[in-house]
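From just these sequences and the hints, can you work out the full model?
From first to last, the protein sequence lines are chains A and B. For the first sequence, the working numbering gives the first residue as 1, with consecutive numbering after it. For the second sequence, the working numbering gives the first residue as 1, with consecutive numbering after it.
No wet-lab data here; the hints were simulated from the structure. Idealized CB from N, CA, C, for every residue including glycine.
Label-pair distances were calculated between CB atoms; the ranges are:
1. A:G104 to B:S44: 47 to 55 Å
2. A:R80 to B:I13: 23 to 31 Å
3. B:E46 to A:I155: 50 to 58 Å
4. A:I212 to B:L45: 26 to 34 Å
5. A:D72 to B:E46: 20 to 28 Å
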Amino acid sequence: MGHGGGGHEIGAHKLAQFAGLTFNLDTLYMTWLTMAIVIFLAVIATRRVEIVPRGWQNILEMAVTALLDQIDNNMGPKGRKLAPIIITLFLFLLVGNELGLVPGFTSPTNDINTTLGLALMIVVLVHVVGAIHRGPVRYFKHFFEPYIPFVIINIVEEVAKPITLSFRLFGNILAGEILLIILGMLVPYVIPTAWLAFSVFVGVVQAFIFTILSVSYLSNSLKDEH
Amino acid sequence: MVDLNATLIAQIINFLILVAILTKVAYKPLMKALADRQAKIADSLETAEQERQAAEKLRQEYLAQLAEARTQAQVIVEKAAKLAEQTKEEILKEAREESARLLKVTQEEIARERELALAELKGEVVTLAVAAASKIVSQNMDDAANARIVEDFITNLDGKKIGGLPC
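Next up, the structure:
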């Protein structure tokens, strides 16, 4: 993998060993920074919650009510319990995706560990919610329906979910950052700026897609019939 | 570039920590605000609807009262007109009767007075005639002739000279 200018290494991570496990240090730093920014935004938005919203509260409420609408429409009233996870997912991905566009920072989502971790978490949640909602026996029986051989298709589908979910986000963000650096080296100024603006858009869209697909997977496990 | 390691687990834990923190600091107050606002709007709408219904009810009551008042006024006016008509008829009848009675009384009075006047006049005329005759004829004839002449005279008077009044 080529090295970007200024010693900025794309795709290569500073590694740290801890208790026999390997961690990508820069990803963790950026994750914590993202968490700090999200918490900061959420706190200043809800520091003085008012009946008539103003300023940041308005912006956060807009995002939250838009997501709540999606949750209510797709999952029904039971989805409200999962709303904190969905909203946090969106805010985290939104801030994380845009963070890599700030010079000197990288996105936590340009690491497959982050995106696959989140996707696996969602898929596990899907199965847990489904098992709780329909009862474990009925839930696992539905993988063998309508005929037993369908279990192969169903398992492929279940495996494909986290992979497509995580690689879509990972690929979009990493490719955007790589292209930004390469364009900066090849054709300075105008085209990188245009690509930067597009990357901002891509970051928002990918955060939304990841969130909405998660909502869609979760809603399937909350439905009674297929 | 796509090497998986323990960061994956760390990211899940990080995310769950973020969910916990945000739930505590942001979502609870925010959800409460949303619920409060929803309740307030629903409350306001309900109050407005109730007030609208109350106003509508009042309006209907007023309209009903107005219609009733109109009907009553109509009845009163009709009654008054009828009463006035009746009173007019009565007054007219009484007046007619009164005038008829007065006319009758007056006619009787007049008749009586005339009879009286005629009787008086007769006496006066006889006396006057005798006095006048005795003055004209300085020398009395015999009483019988006198009386006859006077009688004659008066009888003639009755028919021609005294205005033709029926006696």
